[in-house]
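Fit chain B to the supplied structure of chain A, relying on the hints for placement.
Chains as they are written, first to last, in numbering that gives the first Met the number 0: chain A, 0 to 107; chain B, 0 to 107.
Treat the hints with care, as some may be off.
Unchecked claim - Straight line, CA to CA, 30 Å or less: simulated DSSO-like cross-link-like pairs of lysine-lysine:
#	chain 1	residue 1	chain 2	residue 2
1	A	K5	A	K68
2	A	K5	B	K5
3	B	K68	B	K5
4	A	K68	B	K68
No lab work stands behind these hints: they were computed from the structure.
There are 2 protein chains.
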Amino acid sequence: MAARLKRDAHGLVPAIAQQYDTGEVLMLGWMDDEALHRTLTTGRCTYWSRSRQEYWVKGDTSGHVQHVKSVALDCDADTLLVKVDQVGAACHTGDRTCFDADVLPLAQ
Amino acid sequence: MAARLKRDAHGLVPAIAQQYDTGEVLMLGWMDDEALHRTLTTGRCTYWSRSRQEYWVKGDTSGHVQHVKSVALDCDADTLLVKVDQVGAACHTGDRTCFDADVLPLAQ
Numbered sequence: 000m001a002a003r004l005k006r007d008a009h010g011l012v013p014a015i016a017q018q019y020d021t022g023e024v025l026m027l028g029w030m031d032d033e034a035l036h037r038t039l040t041t042g043r044c045t046y047w048s049r050s051r052q053e054y055w056v057k058g059d060t061s062g063h064v065q066h067v068k069s070v071a072l073d074c075d076a077d078t079l080l081v082k083v084d085q086v087g088a089a090c091h092t093g094d095r096t097c098f099d100a101d102v103l104p105l106a107q
Numbered sequence: 000m001a002a003r004l005k006r007d008a009h010g011l012v013p014a015i016a017q018q019y020d021t022g023e024v025l026m027l028g029w030m031d032d033e034a035l036h037r038t039l040t041t042g043r044c045t046y047w048s049r050s051r052q053e054y055w056v057k058g059d060t061s062g063h064v065q066h067v068k069s070v071a072l073d074c075d076a077d078t079l080l081v082k083v084d085q086v087g088a089a090c091h092t093g094d095r096t097c098f099d100a101d102v103l104p105l106a107q
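Same shape as in the complex, but just chain A (with noise of 0.2 Å):
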């Protein structure tokens, strides 16, 4: 499986996380092969940090945890969508989403 991810120059693919029934898009986070590898074998959503370029389990600081319910590929195999049971707020302000503070102006 692996083989198959398309990795950007830095080696990373970007996962969505979504709360699998309310189908809320909590976060945007990046994933290695390892991060990945250990999303699906330990139930917990697990995460590069590009700004601390360290891996990073999902709510171990917070107690903001992802527990993992479904992990798919996308048709190009370079995006990554994590269907997640999210405790408590995703967002480090304490937003339950990291897209509920900055709507951007339509104008049509």
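Structure of chain B alone, referenced to chain A:
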């Protein structure tokens, strides 16, 4: 707004397209400043095609248009969530979403 956007080395940010009413995650595309501007001002989702190196108005060839309902920037200003009304299939394979075909096995 463009000043706030944190782009990658290629000037791009990932844009998650989500069906606005059902919550389905349809696909992930990439936008630069101009693609985002066109998306916000035309009401039609416009991406930058990394493979073809050109702007790509979703549905211009296939008819599978994405009508824009809302656009939000995430807390880090490096990811977009675009809620759309998708006409027909989002995926070039004919599947409704790009994540329908390839669910990965969990080992728990």
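Earlier hints that do not hold, by number:
none
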